[in-house]
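The task is simple: from the sequences and hints, build the whole structure.
Number of protein chains: 2
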Amino acid sequence: MAQVLSDRKDVDFVLFDQLKVDELSKDEEYAEFNRKTIEMIVTEARNLAIKEILPTQKDGDTIGARFDNGVVTTPESFKRAWELFKEGEWVGTSMPAEWGGQGMPHSVGIAVGEYFSAANFAFMMYTGLTNGAAGLIHSFGTEKLKKLFLKNMNTGHWTGTMLLTEPEAGSDVGALTTSAVKNEDGTYSISGNKIFISAGEHDLAENIIHATLARIEGAPAGTAGISLFLVPKIWVNDDGSLAEPNDVVCTGIEEKMGIHGNATASLTLGGKGKCRGYLLGQEHKGMRAMFQMMNGARLHTGASAFADASAAYLYALNYARERVQMRRADAFEKDAQAVTIINHPDVRRMLITMKSYVEGIRSLLYYVAKLIDQSHIAKDEKEKAKYEALIGFLTPICKGYVTDRAFDVANLGMQVYGGYGYIKEYPVEQLVRDIRITMIYEGTNGIQAMDYLGRKTVMDGGKAMMAMMKEMQKTFNTAKEIEVLKPLVEKTEAICKRLGDSAMHLGKAMMEGKIMNALAFSYTFMEASGDTIMAWMLLWRASIASQQIATGNKKKDQKFLEGQIKSAEFFVNNILPLTNGKIETILGACCSAMDIDDESFGGK
Amino acid sequence: MAQVLSDRKDVDFVLFDQLKVDELSKDEEYAEFNRKTIEMIVTEARNLAIKEILPTQKDGDTIGARFDNGVVTTPESFKRAWELFKEGEWVGTSMPAEWGGQGMPHSVGIAVGEYFSAANFAFMMYTGLTNGAAGLIHSFGTEKLKKLFLKNMNTGHWTGTMLLTEPEAGSDVGALTTSAVKNEDGTYSISGNKIFISAGEHDLAENIIHATLARIEGAPAGTAGISLFLVPKIWVNDDGSLAEPNDVVCTGIEEKMGIHGNATASLTLGGKGKCRGYLLGQEHKGMRAMFQMMNGARLHTGASAFADASAAYLYALNYARERVQMRRADAFEKDAQAVTIINHPDVRRMLITMKSYVEGIRSLLYYVAKLIDQSHIAKDEKEKAKYEALIGFLTPICKGYVTDRAFDVANLGMQVYGGYGYIKEYPVEQLVRDIRITMIYEGTNGIQAMDYLGRKTVMDGGKAMMAMMKEMQKTFNTAKEIEVLKPLVEKTEAICKRLGDSAMHLGKAMMEGKIMNALAFSYTFMEASGDTIMAWMLLWRASIASQQIATGNKKKDQKFLEGQIKSAEFFVNNILPLTNGKIETILGACCSAMDIDDESFGGK
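Taken in order, these protein sequences are the chains called A and B. For what it's worth, our numbering labels the leading residue of the first sequence as 134, then goes sequentially. For what it's worth, our numbering labels the leading residue of the second sequence as 134, then goes sequentially.
No lab work stands behind these hints: they were computed from the structure. Hints are supplied without guarantee of correctness; some may be wrong.
The list makes no distinction among identical chains, and a pair is therefore deemed to hold if it is satisfied within one copy or across any two copies.
Said to hold, decoys possible - Each computed BS3-like pair below joins lysine-lysine, with the alpha-carbon atoms no more than 27 Å apart:
| no. | residue 1 | residue 2 |
| --- | --- | --- |
| 1 | Lys737 | Lys688 |
| 2 | Lys153 | Lys279 |
| 3 | Lys692 | Lys737 |
| 4 | Lys277 | Lys613 |
Below, the structure written as C-alpha cells:
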C-alpha cells in the first residue's frame, strides 16, 4: 500500500540501520526503549497521525484560528485531536517522566513528531511551543516553579509559548522594551506589547504559560539587560489551582500565508497594570536561557518543515504513479499509449531530487536528535561537550538549510501535480504555504547563516567543523571500500576539502576586519555546508545499503536499498557540481553586494 | 520619491538606451511612436496603474472571483478598473488600429503591461487572454469572423479565453475529447467539458469568446485531429448584435493558492446540445493555430511573473531602506546604534540578487518584444524568419526560466521583510502566491524545458542557438573594449562555450537514441541557458552604462549607471560559477534519474 506522510521503511532504516538508536537502551536512562518498543511507538504515532490528525489539516487551513474580542477559537476538530493527544500522552514525548513526560529519546521523538507534523504542522506547533517553554522551566526553574507548571504542560493540560518579538524588536531581540518591576512578594509586574506569538492564545487548554523576555527597570541596554519571566495567562495558586486571569490580553491575530490553524497573536501584558510573572533563572541572564529555547525551536522548525516536505514527496510520488498523461518521449509507434507520468524524464528528475533531499535531511535531523540523547547520557563533561559542540554547529544547518530545501521539495511536489498542484483540492498547495514560514521564524535563514559562519565556525576557531569532518571521514573510509561508491566518495572528499578552504578564507577575512564582506557570503557558505552534509548522509546510507545488498539478508528490501545508492549517486553527480560553484564564489570574493552604493540599488 | 511597481529609470534605460525602440518609428507601421509619445504612454500607464489598478489588487485576493449557481462575480473595484481600461483603450494596446487596437509596438506594450500586471496580475489576465484569443481571430479568422468579434474584443467590450484543458488532457492536449459536429449552416455543434479556464466566466464584459480546441467527428487521434473553434458565450447575430446564450455553462471555479481575482472556470459546452461554434482556420489544423496563442500566452506569462517580481524587488528595497533593526556587524562601539537593514550584508546579498535578475529579465523580455516588432515590419521573408527563429528559441526561456526566477525573486522579497513578509498586511505575500501559478500554466516549466532542448535546440540543428550566440558576441565584443568589463566578458564567454558544448552533447545523445537520458537534463540545460542569457543582458547594460559614464553626459544618473556595472559584476562572479556547475552535471551525464527503478523511489 502507498505510504503517506512519511516512508516507514526509510524511517526504520535511519533509526535502526543507520543510527542504531535502539542501542541507546544500553543506558539506564533509555533502558525501556529497545527496538520493539520503539517500533511500537512509531506505529502508534503513525496510526494516530494518519487516522486522526491528518483529517484536521484542512480545517486548520480553511477554518483556522479565529479571533473575536480577545478570544481565539480553534477548529472543533483540533479540540478532539488535542484530547487524543492528551490521552495518548503525545505532548511531552521527550520530557522527563518524573514531570509528566514520556522520557523518550529525542531520536525516537523526532520520528513520532515527523508523522504528526506531516499530518498537521499548525496543530503540532501547540505542542512544539509547549515543549520549548517547559524545557526552560526544567532547565532554569526553581523547584516551586517546576511543581507549579511542568506536569500540566507536559501532559497538555496547559500549553506554553515564547514571547520575544515586539514591533520594533524582531531579529533585533535586544531592542525590546517590555518592562518588569519587582514586587514585594518576589513576583514581577510586567508591562509591554508582544507580537507574532505562535500559539499565543487559543481554546485548546485551560492555561497558557508565556516564557517572556522583558527588561527589569534600570537594566543595561541591549541583550545584556534582558531577563526571562514566566507569565501565566491565568495566575496559578501555590496549591496548583487556577486563580484569576493575569492581565494578558490578546489584541488580535495575524492574517498569514499559511499555518492558519495556529494563532499568531498580539498580546498586551499589563494593560491594566495587573500582569504578574515569575523570574525564570537569574536577572539579566534571560537571553542565555532563551537561547536554549530558541535552539530547540530551531531544530523543531527544521523538523516541521522537513515533515511537510516528506509528505509532499510521497503525495507527488503517489500521484506520479497514478496520473496518466502523454506517451513516452521515445515512443514513436503510432499506437503508443499514454503512460503514468513517473515515466517522464523531467518528472523523474524532480522525484529523485525530492527523494535525495528528503532522505539526506531525515538522516541529518535524526542524527542531531541522537546527538542530543548522547549528550544527555554522556558520562563525562568532555564527551558531553563534544556532542554539544556538534549540535550547536549543526543547528543553523538544521534550521536554515533544511527549511530552504524543504520549501524547494514542496514546490517540486506542486510542480509534479501540474495545474492540480495549485488548487486547494490537492494537499501540496497548503504544504507550500505552511512551510514558507519556517524560512523566516526562529531567526530568518539569513540570521542562521550569520550564526553559522560567525559564531559556530569562525568564533569557534573551526573546532566544531573539524569535529564534524572527522565524523564524515569515518563514513567516507567505509564507503571507499565499496566499489560502486568509491568515485562518489572521492568527489565528495574533494568538495569537503574545498569547503574547508572556504571556511579558512572567510575566517581569515573576518580576522582581518573584512567582516561585512565575509558575512555577505555567509548564506552561500551555509548552503555549501548543507550540500556537503547531505552528501555525507547519503553516502552513509548508501554504504549501509550496499553492505546489506552484499549480505543478501534483506532480499525483500532490495529495491529500496538500490534506491539508497541511486540517491547518493544523483546527489553527488548532479548537486555537488553546483556546490562547487558556490564555493568558487566564496573563494572568488567578489563583493559587489557590499561595494554597491545604496543609491545604486535604484528605485528612486 | 520611492518608485513602486517598476523602476521608471530602468524601464527608460532599456527602452531607449539599450534597445532604442523609438527607432522603430522609422517604419511607417510605427511612425507615430517616437520617443516622446512612448514616454507619454508609459507615464499614463504608470499613473493609471498606481492610482487606479493597484488599489484593486487586494480586493482581487480577499474578495476574489465568486461563483454562485453558474454566475461568476468579480469584485466591484474590478468593474470600475475595467471601465477605466476601456475608456483609456488599454485592452488591445498592441492590436491593429483598424480592428480597434492601439497598434502599439510590443516593445512599448510590454512596458505598459509591466506596470499593470505589477499592480494587479489577476486583473490583467482578463486582457491577456482577450489579446490571445483576438490574435487568433486576426491570424486565422475569415473577414466575417474578424468583423463579428475583433473590434469588441480589442476595446474590452468582450473578452476572450482559451479552452484547451480537460480533466484527462492537461499537458497532454492531444488526449482531449470535446467533440464538434458540422451543422448545415456551416457552424459546428460543440460538446465537452473544459477545466482550468482562466477568465472563463465573469461579469466584466457583455460577452466572452472562447477559442476552443475540439475534435471533429472522425478526426485522427492525437493532436493531428484537433480543430480550433470560436465559441461565444452569447451567440452573435450577423449584424453584430447579441443573440441568445450559447449553452456554455460554468459549473464551478477552482479554489487556488493565488490569483483569486481571476476565475479559473470549469465549463460545460453543449450540455443541452445547443452549443455552437465557428471553425477558426482549417479542420484538423487547430494545434498549429493554438500554438500561436500558446506562444503568445507563454511570453505573457513570463512578463506577468516578471512584473510581480519587479514590484517585489521595489517593495523589499523600500522596506530595507526604512526598517531599522540591529547595529552593523562591524560596529563594536558600545553606543553603536541600530541601522536600516539595507546595511546588513545578507540583506544586500538578497537585494543585489533580486536586482540583477529583475534587470536581466526586463532586458530579455523587452528584447523579445522588440524582435516581435522587428519580425512584424521585416521587409523580406529571410529577415522575418531570422527574427521568428530567435523568438521561438527564446520563448521557453521567457516562460520557463523567467517564471522560476520571478518566484525566487518574490521569495527573496518576502525574506527581506522577515516576519512581516509572511502576513497579508504587506504586499509581497500575495505576490509570491500569485506568481506561483506561472511556473505551471501554459505548459509547466518542465514542458518548457523539453520544448527548449528537444524542439528549439536539437530538432532545429542548433541554428537558432547559434544565431543567438552571434548576437551575444556583438555585446561581448563591445564590452571587451571596456577595461572594467573585460574580465567579466571573458568569464561569460567561457560559460557560453561550455553551454554550446552541453548542447552538442545533448544533441548527440538524442541522435544516438538516448532520448530519455538527454531529456532528464532538459531542465538543467534550460537553467544554464537562462543564466547565460542573463549575463549577456547584464553585460549589454553594463557596456552602455560604462559608455555613458565615460561621456559624462548623464551625471545625474551616475549612481544608477554604476549600479548597472555592479549587477553584471555580481551576476558573473556569483551566479555563473553555479551555471558552470549545471553544465558540469549535463556533461557528467549521470543518469540516476532514469536508471533508478520505479520501485526504488520508495513509498510502498
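Here's how the hints hold up against the structure:
no., hint, result
1, Lys737 / Lys688, "between (66 Å within a copy, 15 Å between copies)"
2, Lys153 / Lys279, "neither (33 Å within a copy, 73 Å between copies)"
3, Lys692 / Lys737, "between (59 Å within a copy, 11 Å between copies)"
4, Lys277 / Lys613, "neither (55 Å within a copy, 75 Å between copies)"
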